[in-house]
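Undergrad: Below, each chain spelled out in residue letters.
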Amino acid sequence: MIWNLIYRSLRQHALSTLVTAGSIALASGLLLTVWVVKTQSQAVFAQTNSGFDAVLGARGSKLQLVLNSIFHLESSPGNISAADFEALRRNPMIGGAIKTAIPIAVGDSFQGWRVVGTVEKLFAEIEYAPGKRYALAPGGRNFKIGEHEAVVGSFAAKRLGWKLGTTFHPQHGVSEKAERDHDELYTVVGILEPTSTPVDRVIWIPLEGIQTMSGHNPLAKAEISAVLIQLRAPTAGLMASNLINQSGGKLTFAYPIGTIVAELFNKIGWFDQVLTLLAWLVAAVASGSVLVSIYNSMSARARDIAILRALGARRRTVFGAVVGEAAVIGVLGAALGFAVYAVLGGAVAAIIQAQTGVVLEPWKFNAVFWWAPATLVGLCVLGGFVPALKAYRLPVAETIAPVS
Amino acid sequence: MSLLTIKDLVKSYPRPGRGARLSGRAPGEPASNAASEHRVVDIAEFSLAAAEQLALRGESGSGKTTFLNLVAGILAPDRGSIVLDGREVTALGEAGRDRLRAETIGYIFQTFNLLQGHTALENVELGMAFGRGVDRAHAVELLRRVGLGDKHGHFPRQLSTGQQQRVAVARALSNRPQLVLADEPTGNLDRRNAREALYLIREVCREEGAALLLVSHDERVLAQFEQMRDFAFLNRALGTATP
Numbered sequence: 220m221i222w223n224l225i226y227r228s229l230r231q232h233a234l235s236t237l238v239t240a241g242s243i244a245l246a247s248g249l250l251l252t253v254w255v256v257k258t259q260s261q262a263v264f265a266q267t268n269s270g271f272d273a274v275l276g277a278r279g280s281k282l283q284l285v286l287n288s289i290f291h292l293e294s295s296p297g298n299i300s301a302a303d304f305e306a307l308r309r310n311p312m313i314g315g316a317i318k319t320a321i322p323i324a325v326g327d328s329f330q331g332w333r334v335v336g337t338v339e340k341l342f343a344e345i346e347y348a349p350g351k352r353y354a355l356a357p358g359g360r361n362f363k364i365g366e367h368e369a370v371v372g373s374f375a376a377k378r379l380g381w382k383l384g385t386t387f388h389p390q391h392g393v394s395e396k397a398e399r400d401h402d403e404l405y406t407v408v409g410i411l412e413p414t415s416t417p418v419d420r421v422i423w424i425p426l427e428g429i430q431t432m433s434g435h436n437p438l439a440k441a442e443i444s445a446v447l448i449q450l451r452a453p454t455a456g457l458m459a460s461n462l463i464n465q466s467g468g469k470l471t472f473a474y475p476i477g478t479i480v481a482e483l484f485n486k487i488g489w490f491d492q493v494l495t496l497l498a499w500l501v502a503a504v505a506s507g508s509v510l511v512s513i514y515n516s517m518s519a520r521a522r523d524i525a526i527l528r529a530l531g532a533r534r535r536t537v538f539g540a541v542v543g544e545a546a547v548i549g550v551l552g553a554a555l556g557f558a559v560y561a562v563l564g565g566a567v568a569a570i571i572q573a574q575t576g577v578v579l580e581p582w583k584f585n586a587v588f589w590w591a592p593a594t595l596v597g598l599c600v601l602g603g604f605v606p607a608l609k610a611y612r613l614p615v616a617e618t619i620a621p622v623s
Numbered sequence: 002m003s004l005l006t007i008k009d010l011v012k013s014y015p016r017p018g019r020g021a022r023l024s025g026r027a028p029g030e031p032a033s034n035a036a037s038e039h040r041v042v043d044i045a046e047f048s049l050a051a052a053e054q055l056a057l058r059g060e061s062g063s064g065k066t067t068f069l070n071l072v073a074g075i076l077a078p079d080r081g082s083i084v085l086d087g088r089e090v091t092a093l094g095e096a097g098r099d100r101l102r103a104e105t106i107g108y109i110f111q112t113f114n115l116l117q118g119h120t121a122l123e124n125v126e127l128g129m130a131f132g133r134g135v136d137r138a139h140a141v142e143l144l145r146r147v148g149l150g151d152k153h154g155h156f157p158r159q160l161s162t163g164q165q166q167r168v169a170v171a172r173a174l175s176n177r178p179q180l181v182l183a184d185e186p187t188g189n190l191d192r193r194n195a196r197e198a199l200y201l202i203r204e205v206c207r208e209e210g211a212a213l214l215l216v217s218h219d220e221r222v223l224a225q226f227e228q229m230r231d232f233a234f235l236n237r238a239l240g241t242a243t244p
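Those sequence lines, one after another, are chains A and B. As numbered in our numbering, residues 220 to 623 make up the first sequence, in order. As numbered in our numbering, residues 2 to 244 make up the second sequence, in order.
Everything labelled a hint here was simulated from the structure, so no lab data went into it. Don't take every hint at face value.
Stated by the list, open to error - One side only, chain B facing chain A, incomplete, derived with CB under 8 Å:
| no. | residue |
| --- | --- |
| 1 | N70 |
| 2 | I75 |
| 3 | R102 |
| 4 | A103 |
| 5 | Y108 |
| 6 | H119 |
| 7 | E123 |
| 8 | L127 |
| 9 | F131 |
| 10 | G148 |
Stated by the list, open to error - Some chain B residues well away from chain A (every beta-carbon gap over 10 Å; in silico):
| no. | residue |
| --- | --- |
| 11 | A45 |
| 12 | E46 |
| 13 | G81 |
| 14 | E89 |
| 15 | R100 |
| 16 | G163 |
| 17 | L201 |
In this text, all values refer to a predicted model and were calculated from it rather than measured experimentally. The C-beta atom is built at its ideal place from N, Cα and C for all residues, glycine as well.
Generate coordinates for the entire structure from the input sequences, incorporating the hints supplied.
TA: Shown next as structure tokens:
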């Protein structure tokens, strides 16, 4: 019977039910989005290393170096000379620790998409994730050193509408409003299959293409922006880090990449906390709206409740019906919250992919999927207690009819 | 055999300005002194037989509604005895009185008191919901008998006042009560609808074998009853009761 009472009351107050459930849904969706993006992006970013253990670059911030060379964000901290790297490689203590070294050169772009120079080996030999090597879409091939050829990341190719054979002039600078077009005309010879890494957002050309690009400083011919390094053993990374970073020289050795990326999240932790706090505030306000919505209608409902009591409904029945109504509004809102999350979370994941190449999985199970809706329903039930108590204490005779 | 027997029933309310509360003293609350209380009901003896139909004449403010609320167990008396169907109502706790009301009593109000968010059928079902459970077929049959067989899905606002009162009659009979209490049931109806409603109430009570205790101040209503008592003579609190 109690469910019938709840259903009919919700039906009678359909508009306020929908508005209140909508505000719960908004709060729930917001909470889910903030939480999933927070936890998943931290985990995914910290795991994103494109298959490398360390990055060697110019003296400066390790975080900037990693963001620029692995995530293709930010500006480069500067170039290093190829000779410096070769000298380091000949150092018996460090050279032996390096398993693979992939040089990259940055500084150009096309319509905001970064053009990065590297060597063929990156796509031929490197595993960007354990057991996963780069693959080219059917018909494509790797670029050849010495040629004006490009291999394009899947996301960049899709957004630019490029196909095999498309030609383009790289532009100087990495901002969307590039300074000028370079004279060289490059041809797309390969499009990478999606990797869900920042590599998907990059236009790759041979290393010397960047080094010798028309308009670049002639000294750049002997320079590289960074070297992506795979180590033979983790201990070698610590040793190299100590040797290079404490020598006070011209180089920075960023290792381990995951820890350095985690620093970024530590730095923006306050922002994260503000977002979470905001989401909880919205949740609290939404739950409060359940209280206010039912409480405000109590004067109108008082007569109905008195009638139910006069017909034999017990105090606990009307109490349960009011709390149950609040709970149902909460459940409805929490369920709709997943729809809000589908839109909001999907949009945020798409933005993060577009901006960083990192792919979040909004529907990968996260504990927040159960505790956030459960907490919201619990808050709604608590909100329902106040009007329910009012219903419980309602004086039937006074409310139902004038005394004669 | 007597269905309802009342002895020395007293109900008082605090006087206005002294924390007046129409629902009176809560169970367990000590009685205050006579100067601070206003006695509303004081009945020495009253009885009603099973299936009997009795009308009580009473003016507004004479304590008729309080009396019916005491019989229904909505209010607890200060003292006295109410025995309904062999059960001492005053000995029951609130939950027990709720159950008794749900299973044994049907209540028809002057203002109908239909739930506006419920359809006619749902309102009738409410009458049985808190007792032995909903019997939809019985609710449908009752609506047919009060002439609303085609109005199941209508909400009260979609019905005329006469039709609303007929739904209230069907609701009062839906739990197959032994006693139907009717408080000025025709007070809000025009003459024709009042006559029809009264006939309906009496007829359905007769068919269902339920006793009817009706209070009214309307002489035209009272004239329809073979048995009628004056509440002013019954209620000693009014100072006009016969010894």
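Undergrad: If a hint holds in the structure, say so; if it doesn't, say that too.
TA: Now for the hints, and whether the structure bears them out:
1. Hint status for N70 (chain B) relative to chain A: holds, with the closest Cβ pair at about 5 Å, below 8 Å.
2. Here the hint on I75 (chain B) is kept, as its CB sits about 5 Å from the closest CB of chain A, short of 8 Å.
3. Taken as an interface hint, R102 (chain B) checks out: its beta carbon lies about 5 Å from the nearest beta carbon of chain A, inside 8 Å.
4. Restraint check, A103 (chain B) versus chain A: the minimum CB separation of about 2 Å is within 8 Å; hint holds.
5. For Y108 (chain B), the suggested interface contact is upheld, since its CB lies about 6 Å from the closest CB of chain A, less than 8 Å.
6. With 8 Å as the threshold, the beta carbon of H119 (chain B) comes within range of chain A, its nearest partner Cβ sitting at about 6 Å, so the hint holds.
7. Nearest Cβ of chain A to the Cβ of E123 (chain B): about 7 Å, under the 8 Å cut. The hint holds.
8. At about 6 Å, the closest approach between the beta carbon of L127 (chain B) and any beta carbon in chain A falls short of 8 Å, and the interface hint on this residue holds.
9. Residue-level restraint check for F131 (chain B) holds (minimum Cβ-Cβ distance to chain A is 4 Å; threshold 8 Å).
10. With a least beta-carbon distance of about 22 Å to chain A, the hint placing G148 (chain B) at the interface is violated under the 8 Å criterion.
11. Once the 10 Å rule is applied to beta carbons, A45 (chain B) is consistent with being away from chain A; the minimum gap is 21 Å.
12. No beta-carbon of chain A is positioned within 10 Å of the beta-carbon of E46 (chain B); the least distance is around 22 Å.
13. Non-interface call for G81 (chain B) relative to chain A: holds, since the shortest CB-CB distance, roughly 17 Å, exceeds 10 Å.
14. No Cβ of chain A approaches the Cβ of E89 (chain B) within 10 Å, the least distance being about 18 Å, so the stated non-interface status holds.
15. The Cβ of R100 (chain B) does not lie farther than 10 Å from every Cβ of chain A; its closest approach is about 7 Å, which violates its non-interface assignment.
16. Interface exclusion of G163 (chain B) from chain A stands, the closest Cβ pair being 19 Å apart, more than 10 Å.
17. Every CB of chain A lies more than 10 Å from the CB of L201 (chain B), the least distance being 20 Å, so the non-interface label holds.
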